[in-house]
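Colleague: One-letter residues, chain by chain:
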Amino acid sequence: MTDHHPTHPAAPEFGAVDTLVSAKPASLWRDTLAGVLRQRSAVIGLIILGIFLFVVIFADQIAPFDPRQSMLGVETGVLKQAPPCVHLLGCPADRYEHIFGLDTNFQDVFSRVVIGSRISIGIGFAAIGLAIVLGGTIGAIAGYVGGKTDNILMRFMDVVLAFPSLLLAIVIVSALGSNLINTMLAISIVSVPVYARIVRASVLGARENDYVTASRALGESTSGILIRRIMPNAVTPLIVQGTLGIGTAVLEIAALAFVGVVSLSEITWGSMIAIEFQRLFTAPHIILAPGLAITFVVLGFNLLGDGLRDAFDPRLNR
Amino acid sequence: MTRFIARRLLVTIPVLLGLIFIVFTLARVIPGDPCRAVLGERATDAVCDDFIRRYGLDQPIPIQFGLYLGQLSRGDLGVSIKHSQPVTQLLIDRLPTTIELTLMALLFAVVVGIPLGLLSAYRRNSPVDVGSMIVANIGVSMPVFVLGLLLQFVFALLLKGTPFALPPSGRLSSGVEVMSLIQVWHLENVTGALRGFLDFFSRLYIPTALITGQWGPLGDALRHLILPMVALGTIPLAIIARITRSSLLEVLGLDYVRTARAKGLRERTVVLRHATRNALLPVVTIVGLQLGGLLSGAVLTETVFNLTGVGRTLYEAITGRDYVVIQGFTLIVAFIYVAVNLLVDLSYGFLDPRVRQR
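In order, the protein sequence lines correspond to chains A and B. 279 is the number that our numbering gives to position 279 of the first sequence; each next residue is one higher, with no gaps. Add 318 to the 1-based position in the second sequence for our numbering, that's all there is to it.
FYI, nobody ran anything at the bench for these hints, they're computed from the structure. Being a predicted model, the structure only gives us computed values, none of them experimental. Please note that the accuracy of each hint is not assured.
[As the list claims (entries may be wrong)] Some but not every residue of chain B turned toward chain A, in silico, with C-beta under 7 Å:
#1 L328
#2 P332
#3 V333
#4 V347
#5 S459
#6 P461
#7 F463
#8 V464
#9 G606
#10 G610
#11 S614
#12 L618
#13 Y633
#14 A652
Quick reminder that beta carbons are idealized off the backbone N, C-alpha and C, glycines included.
Pulled out of the complex, with its shape left as it was, chain A reads as follows:
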């Protein structure tokens, strides 16, 4: 297990990174990037995520069809749940090309997977971003103020952690109403404690350092000390956990959509599976395509997160 020692010798450089970058080209960020690129799994993760990022940005250009358009009446001789057809792979030229086939509503599965990437990945990013901001604030306050405040805040975090996260997310979405914003909020809420704990640990570790005492003696404001002197210590573990967290969030969005708390009219990978999973035995391609998309995205985030962790951890530096 790699637990993070936020006070490792390289950490203080984070605070001064802006002045160092211009003075000395060998910055910590550059070293880290080199460290990440040295690891095969992290590179694979980056490639996978790069592809999906491209798909998310250019989804409208990549999707060959309107994801909601039924091919019935548009193409002649169209079959419900038609299996994938790629002309290059020997599919007869007189059939229409649908590389992931059609679903029960005669819609192009590939276009739906491409457009679905936006919500499926986008909400994950937004949810974890919000969780980092909320959790970071809570953790920073708890760690820096200490005492009763710390106790109350962290006990509350314990209560949130005491629920299995998906169950809590389901209940929250049902309570707030099932739309995409609330889905994002629910996933964010269940992730907050993790980030609060990380930031609190970093703050506790850094609080008593000499450079912090020095800043205090120089009359720097509390918020200034927190933001400029202490928080940079939390950046590394937050980046690692955040990367892994987005992967988890993508899984949770898919799960929420699968159990049906996210409206099925939204095109997401989870809801594509939810709509069609009863047809597994007759048309497996409709489930396989979004299923593999989820798996690859999450794999990408996991590989990158592990790679970042190894690259940031000075004890593992070779």
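Go by the hints and put chain B onto chain A.
Modeller: Positioned in the frame of chain A, the structure of chain B alone reads:
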């Protein structure tokens, strides 16, 4: 040790109270009219007024919360609005499905994951190591329900007709039944809590069939459980294997292991007796932590494999605005989760004397 246990127990109390409060609040916030959700859109106002009064929904929220706490302290979880059945009865009916599934999945994850992790660490960078870590990486990335569907596709459709075919849904084949303990031991006149416990236990098909020697139904129940167990257990398996691997690698680099080697012990003794014991400490924590994920995953697994467990019931309760069931079931699941975490913490204190002093 006693002080350690007492301290951990005390810390749990505010968490439990917080849990009850959150569950109660969330259940109230769920939008929609409970009366019409249950009795149908055409229920008249008079009928609804009576309904709301009967379930105490007209009282101020703080009073409802107080009443709820009082009820809980008597072990009463209320009566399901929809099933018009006590929630405890519903739990006796449905919790065993989830418990059996979760425990078997955890067992699968531990029994396969730990040896795999040890082997990977010991044969570092060998094909076994690289292969199992690739599989582990994919395993943690695949949603439970996608894996479940894939398994169904392979074992129930592709392998249909071969000896490897497995049933894709349910707990037993139609026509097969596991006789309850009450039937087997002729305890029809037992009542009260013991009766509840016997009913509950009898719904755990595998142990019941095992102790009463119903071998046919036992085999059938096991065959039905394999696919959901693998689907649910794969993520914890991957996590356990990874943690075991990195933990053993860390321990193998320590001085005392070198000392053990230097004094001429056989490699097998060094690894199994000296290194593995310490390497398994963090694994205990991780195993405990998996339970939350397993309970979450159980909701999905139950949907895919058509099992009527806690997850399915909770989901139906949410769509049907059955507050009482939502409250009761969420609470019980969270309680189980807290209790297991407590046990894990305590076992850690038991295994590692240093923890007790902190």
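Colleague: Against the earlier hints, flag every one the structure doesn't satisfy and list their numbers going up.
Modeller: 1, 9
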